[in-house]
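Residue numbers 1 to 376, in the numbering used here, belong to the letters of the sequence shown in order.
Just so you know, these hints were derived from the structure itself, not from any lab. Among the hints, erroneous ones may be present.
[To be verified] DSS-like, lysine-lysine: derived pairs with alpha carbons at most 30 Å apart:
1. 121 / 349
2. 349 / 335
3. 335 / 121
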Amino acid sequence: MTALALHNARIVLAGEVIEGSLAIQDGLISSLDAGPATIGEDMEGDFLVAGLVELHTDHLENHYRPRPGVFWDPLAALHAHDAQIAASGITTVFDAVRIGSDTDMPDMAPHVGMLTGAIAKASEAGWLRAEHFVHLRCELPSHDVIGQFETYATLPLTRLASMMDHTPGQRQFRSIEDYKRFYKIGRTQAELDQYIADRLTDHARYAAPHRAHIADRARELGLSLASHDDASIEQVEESVRDGVAIAEFPTTLEAASAAHDAGLAILMGAPNVVRGRSHSGNISATDLVQAGLLDILSSDYVPYAMLQAAFALPSRLEQISLPAALATVSLNPAKAAGLEDRGEIAIGKRGDLVRVRMVGDLPVVRGVWRQGQRVS
1 MTALALHNAR
11 IVLAGEVIEG
21 SLAIQDGLIS
31 SLDAGPATIG
41 EDMEGDFLVA
51 GLVELHTDHL
61 ENHYRPRPGV
71 FWDPLAALHA
81 HDAQIAASGI
91 TTVFDAVRIG
101 SDTDMPDMAP
111 HVGMLTGAIA
121 KASEAGWLRA
131 EHFVHLRCEL
141 PSHDVIGQFE
151 TYATLPLTRL
161 ASMMDHTPGQ
171 RQFRSIEDYK
181 RFYKIGRTQA
191 ELDQYIADRL
201 TDHARYAAPH
211 RAHIADRARE
221 LGLSLASHDD
231 ASIEQVEESV
241 RDGVAIAEFP
251 TTLEAASAAH
261 DAGLAILMGA
271 PNVVRGRSHS
281 GNISATDLVQ
291 AGLLDILSSD
301 YVPYAMLQAA
311 FALPSRLEQI
321 SLPAALATVS
331 LNPAKAAGLE
341 DRGEIAIGKR
351 GDLVRVRMVG
361 DLPVVRGVWR
371 QGQRVS
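Hey, can you work out the whole structure from these sequences and the hints?
Okay, here's the thing in structure tokens:
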């Protein structure tokens, strides 16, 4: 693979920022030097950071289903998603694909097949800018989630599964009133009451046995496993017993503290940092940073939010440096997903790089390389 050389850059390493140059050979960083150089492309003093690693994004599904009842061609949806992901500095992405049918999506299985099929086809053909993996979002109270899990958990690109329960009164929606405000759109009060009653019935029947099955099978298959919206010490203890490695979006300081003490990697949404609060009224990601309890940021629903949040944190909080903030979107998620070959700028690591120029307080992406090849 052709060598790439870049100089006159502020290079963000795992523990410091240096002014210097680097080179990539055969897709890997082959040299890294401080001080002036003249060989290669001039970065004009811009930052060079490691390519971002995204573990949880709903963005592909939003392109596939841009409006209720409207389904886009899955390859076209993937292409649009991939283009925005790469342009946001993300070089490795775990596409979250929901499994488990409900009243809004009564037959989810064929949609899962089309999305995972598109990811596999495009990856094999080399059409994609970023490297894509599959993250199965398992809705535990769904009657058919186990069948779908067994179908798609063994796919080569499936590397991560998360266990979710969006039942009213549970986890993210501990308040029934918050749940009603979130889901009332398009429903009368009577329809909403029936919808909630049906969700409670499904939870009582399916959630516990489905959780046990998925946790057991994830261990057998070697999949990384994440919890979702843990709200209490008891729920974190359940996650630990299940072999969970990543605590996604804990909703309380109590749960985040317990997850940290148990050695789980704590993941929060970058939009939460950018906005300064959770969209559903739960704990702020910035509060977790202040408490030393945040390991990973995910774009969740806005791809650019990862880079924006990582550069915003050091200007807001004196206890976090730029290298530490960028590790939440690169090195830390790479480690949590078992990807030891990427996530930092170091000799021997993959040449996944992002060129960033600050325009006011916004980090603007000016170039993206994956394994030394320009992708955006």
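So if I understand the rule, the pair passes when the alpha-carbon distance is 30 Å or less; does residue 335 with residue 121 pass? 26 Å, holds
Is residue 121 close enough to residue 349, meaning Cα to Cα at most 30 Å? Distance of about 27 Å is within 30 Å: holds.
Keeping to a limit of 30 Å between CA atoms, is the pair of residue 349 and residue 335 held or broken? 13 Å, holds
Going down the numbered hints, you'll see the structure goes against none, and every one checks out.
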